[in-house]
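Chain by chain, the residues run as shown.
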Amino acid sequence: MPAGTLYRGREGMWSWVAHRVTGVLIFFFLFVHVLDTALVRVSPEAYDEVVATYKTPLVALLEYGLVAAILFHALNGLRIVAVDFWAKGPRHQKTMLWTVLGIWIVLMVGALYPVLGHAVREVFGS
Amino acid sequence: MSAETSSSSAISDVEGVSLYDVDHPAPVIEPPRKRTGKTPKGSRTNFEMYAWLFMRLSGIVLVVLVIGHLLIQLVLDGGVSKIGFAFVAGRWASPFWQVWDLAMLWLAMLHGANGLRTVINDYAERDNTRFWLKMLLYTATVFTVLLGTLVIFTFDPNIR
Ligand code: HEM
Ligand code: HEM
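Residue numbers (my numbering), protein chains in the order written: chain A, 1 to 126; chain B, 1 to 160.
If you are wondering where the hints come from, they were derived from the structure by calculation, not from laboratory data.
Be aware that a few hints might be false.
Partner residues aside, some chain A positions facing chain B, computed with beta carbon under 7 Å [stated by the list, open to error]: (1) F31; (2) P44; (3) Y54; (4) A74.
Glycine is no exception: its CB is placed at the ideal position from the N, C-alpha and C atoms.
Using the sequences provided together with the hints, build the complete structure.
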């Protein structure tokens, strides 16, 4: 660690870094997402054409990444709220982070088939 | 800290004789961040506190809106493969989903924009860079929110 830094490492800092990175990524996605949805005002064909790219295997992988980012940001966001508003929050912040990661892994496993199933079928033949 | 406050016993009789009494009151210490006439314009209101509170309140609502949205778009009823113009037309035929999407649009954009404002303030150290990055952010945010709102309100299932 460089001298004079406020960074302290460990769970607190890394969860903050991950919260920041996921937040920025989601914001950029949302910007593009509102633009692609706006194509419904152009023509049904223009919209369907862009949405077709959303259904390709490569983009399915990106969607899985987006789900990962949202789920982490949402669960960790609730942890931040608990740390700030629950009297015992700060004392349990570490336990809550591991709880967040546990729930996150379970949800990510659950999302595997719905989000990536069609991509796997397309790449490896049904 | 001065020697008076740390080593001698200004605190209580238990630790010795107090330096201060009714006739010799302790010096008043100004609250370090008290607002005065010299406070810069930008910090005379509680804007940052309300922004902090908004991040938490909007976040809680967004959990329901965004995760519900992802469930509908990516998981239920065939996942992404069902999405298309006809699907959107079906959804926006219902005022419930229009309001859902509108709330999600506004809350997520304002929450994300305020978050990015914090990030810019943290990393852009030159005044000029910071100012222009934020102008770019605000322009993109206003444009996106207005476009998205317009799209929901003017959607036409019989566009052709
Ligand atoms: C890859 C995942 C996603 C897919 C496939 C998807 C799909 C869609 C579709 C089909 C619509 C059209 C209206 C509707 O059916 O409700 C829509 C609108 C919308 N989505 Fe998503 N969405 C995704 C992720 C997200 C995320 C993560 C957010 C929020 C951060 C979001 C925010 C919105 C908003 C605000 C609208 C309304 C847009 C407008 O006002 O023009 N979406 N999305
Ligand atoms: C799904 C529900 C969400 C929850 C519970 C949530 C919660 C939070 C909380 C509590 C903060 C404040 C962190 C702090 O003040 O230290 C925050 C920051 C942030 N959020 Fe969210 N959020 C959610 C969705 C979103 C969405 C959809 C976006 C993007 C459009 C987003 C982008 C950001 C950004 C960029 C920050 C700033 C990060 C930083 O300053 O380090 N969040 N979020």
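Each hint, compared with the structure:
no., hint, in the structure
1, F31, "holds (6 Å)"
2, P44, "holds (4 Å)"
3, Y54, "holds (5 Å)"
4, A74, "holds (5 Å)"
Violated hints are absent here; each numbered hint is respected by the structure.
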